[in-house]
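Participant: Based on the provided sequences and hints, a complete structural model is requested.
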Amino acid sequence: MTAYIARRVLWMIPSLFVVFTLTFLVVHATPGGPWDESEKPLSDAVKANLARQYHLDDPLPKQYVDYIVNALHGDFGPSYRSVERSVSEIVLATLPVSAQLGLLSMLFALVVGIPLGALAALKRNTWVDFTASLVTVTGISTPPFVRVSLLIVIFSLALPWLPTGGWEGLWDVRIIIPTIAIGMGPAALLARYTRASMLDVLPQDFLRTARAKGLRESSVVVGHALKNALIPVVTVAGVTLANVITGAFFVERIYGVPGIGRQFVDSVTGRDYPLLLGVVLVFAILISVVNLLVDLSYGLIDPRVRYQ
Amino acid sequence: MTRPPTSLWRDAWRRLLRNRAAVTSLAVIIVVVAISLTANVLAPYPFDQQDLDATDLAPGGSHLFGTDQLGRDQLSRLVYGSRISLAVALVDVLVVLLVGVPLGLAAGFIGRWVDVVIMRTVDVLLAFPNLLLVIVVITYLRAVLELPQSGLLSVVGAADKVTGGLLGVFIALGLVSWLTVARLVRGQVLTLKEREFIEAARMIGATDWRIMLRHLLPNTLAPIIVAATFGIPGAIATEAGLSFLGLGVRPPFPSWGILIAEGVRNMRAFPHELVYPAGVLAVTLICFSFLGDGLRDALDPKLKVD
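Protein chains in written order, with this note's numbering: chain V, 1 to 308; chain Z, 1 to 306.
Please note that a few of the clues may not be correct.
As the list claims (entries may be wrong) - Per label pair, the in silico range of CB-to-CB distance:
1) Leu42/Z x Arg124/V: 39 to 45 Å
2) Val23/Z x Trp127/V: 16 to 22 Å
3) Asn70/V x Glu146/Z: 27 to 33 Å
4) Arg124/V x Ile30/Z: 28 to 34 Å
5) Leu22/V x Pro102/Z: 20 to 26 Å
6) Asn70/V x Trp9/Z: 35 to 41 Å
7) Lys123/V x Leu42/Z: 38 to 44 Å
8) Ala3/V x Val124/Z: 21 to 27 Å
9) Pro102/Z x Thr235/V: 27 to 33 Å
10) Val124/Z x Pro96/V: 25 to 31 Å
11) Leu221/Z x Leu22/V: 31 to 37 Å
12) Leu56/V x Glu146/Z: 15 to 21 Å
These aren't lab readings, by the way, just hints derived from the structure by calculation.
No residue lacks a Cβ here, since even glycine has one placed at the ideal position from N, Cα and C.
Facilitator: In structure tokens:
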């Protein structure tokens, strides 16, 4: 097990390296910067000065090595757009906001998705199942920017229950709409997987045995069926994270949440390439770590899984 | 007593017709396709005709769905917007069939280094959210295509400009839309090529090409159709998302994503400008998903494609 973990962690490094190098090359091959957007074209002298200030006149290999050395020291360089904050400072300021929103969205997805999927499987081919399937298809196929804008129209404008935007931390009503908008996609995925997995488990013999020995139906369903049905569902955790990250791009921007998803979008539309590179790197690390944790958790949940 | 002759496809078609959600969705999709093909006849106004005396009109009267902040007819813009979404769907399916399927076949059938190269590429690209890769690539494309270019790039840039930025979207989307299908086809080929009928074909002297095209490909067709159908809503949503962020199709071309972005800007005063395009996009995507579900159940009840 320890050897397996060590090998997986070591494997993460080259794959992160590939992603980082590709992004680095793409970003550095992308011409220009925010200064190209201004009304008056800058003089060549000013451009040369800017290039020197951001070390863009160094040879590419040197820039690449410098970036890695600095990044390993936690320094992701200056941002093009923000004069007062470096990329690391922007990431440190915005990541916690997105982490709170993202974790709450995942919690929402778990609390809604798993019972919905289990219920749909138990009441297969009844109106409960059909309603659940409409909800899951809607959740899977509508993009987050459609969900968040329709939620705002319904719950902030038509019914004046919630604010139309903003962020006041975890314990404020402003978190409700973005959480639901982001969490609905993963919730639908979880529901779909839970349903399919429950349908595989429900006809099995050990459930008949559990019923035969006189267990209450509720503990048969929750303690025996659902517990076993959830093992394959763990595999979607990585997809769920991807959903939450891409959902945050749109939801944070529309709802005015100062998170890292919004920084990513702003860095793209504002041509702030150092910020773009830094944020992509953060996402890449996050995704690799979660994928590793998912792989490791199989062994804990299902003792039949052996690592070699 | 003899049963009338039947085939896999006729059986599947019958099963599909019994699925009410899939049939309804198919009907809606056919209507959307018909609308997009006849947009120039159906749309009451040109999509970019402004009328500054009639801005932000509520639905009704001569503008069934109202007008936007420049007085453009919303219904006409929605109708023309369907062309963009369906063009994206078409290109997505083409990339799946012309890139994903051949690469998957090659990886599974040839094996060795071909397999390693193709599948490592797929693994690395699939490890990250599609949208993240698409956004990074399109940022690059946008910046490069805007510069004065020579040679091939100038042709690409000009074509991108003429299509209102659609070509850039196609390129960025094409980079990721073949991945899942390549992996799926490879997996199918790996199990199929050990089966007796392939061995038999080999024994009577069939060439590799013949085995791939006449024996392996037809047997992977069902999962390919299902996966391609499931890919469509993702592609349409990605285009809408890019256009929403201002990275995809450029105004005044009425991509549904642009209509939604404009609707979001105006939603406090004129929510209908948001609700119609968001609703139309959502319904289209949901219908493609239901159709995919229906096809999966119809073609092979045991099949599991995500």
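Participant: That 15 to 21 Å hint for Leu56/V and Glu146/Z (C-beta), does it hold up?
Facilitator: Given about 19 Å between the Cβ atoms, the range holds.
Participant: Please test the hint of 31 to 37 Å on the beta carbon pair from Leu221/Z and Leu22/V.
Facilitator: Holds, at about 34 Å.
Participant: How does the Cβ-Cβ distance of Ala3/V and Val124/Z compare with 21 to 27 Å: does it lie in that range?
Facilitator: Taking Cβ atoms as reference, Ala3/V and Val124/Z lie about 24 Å apart, which means the hint holds.
Participant: Taking the Cβ atom of Val23/Z and the Cβ atom of Trp127/V, is their distance within the range 16 to 22 Å?
Facilitator: The hinted range 16 to 22 Å holds for Val23/Z and Trp127/V, with Cβ atoms some 19 Å apart.
Participant: Does the beta carbon distance between Leu42/Z and Arg124/V stay inside 39 to 45 Å, or does it fall outside?
Facilitator: 42 Å, holds
Participant: 25 to 31 Å was suggested as the range; check whether the CB atoms of Val124/Z and Pro96/V agree with it.
Facilitator: Taking Cβ atoms as reference, Val124/Z and Pro96/V lie about 29 Å apart, which means the hint holds.
Participant: I want to verify a distance hint. Is the separation of the beta carbons of Asn70/V and Trp9/Z within 35 to 41 Å?
Facilitator: 60 Å, violated
Participant: Please test the hint of 38 to 44 Å on the beta carbon pair from Lys123/V and Leu42/Z.
Facilitator: 42 Å, holds
Participant: Just to be sure I understand the hint, the distance between the Cβ atoms of Asn70/V and Glu146/Z should be within 27 to 33 Å; is that true here?
Facilitator: Since Asn70/V and Glu146/Z have Cβ atoms about 30 Å apart, the given range 27 to 33 Å holds.
Participant: Is it true that Pro102/Z and Thr235/V lie within 27 to 33 Å of each other by Cβ?
Facilitator: 28 Å, holds
Participant: Verify the CB-CB distance for Arg124/V and Ile30/Z against the hinted window 28 to 34 Å.
Facilitator: 30 Å, holds
Participant: Does the hinted range 20 to 26 Å hold for Leu22/V and Pro102/Z at CB?
Facilitator: Given a distance of about 24 Å, which is inside 20 to 26 Å, the answer is holds.
Taken one by one, the earlier hints fail for this structure only at number 6.
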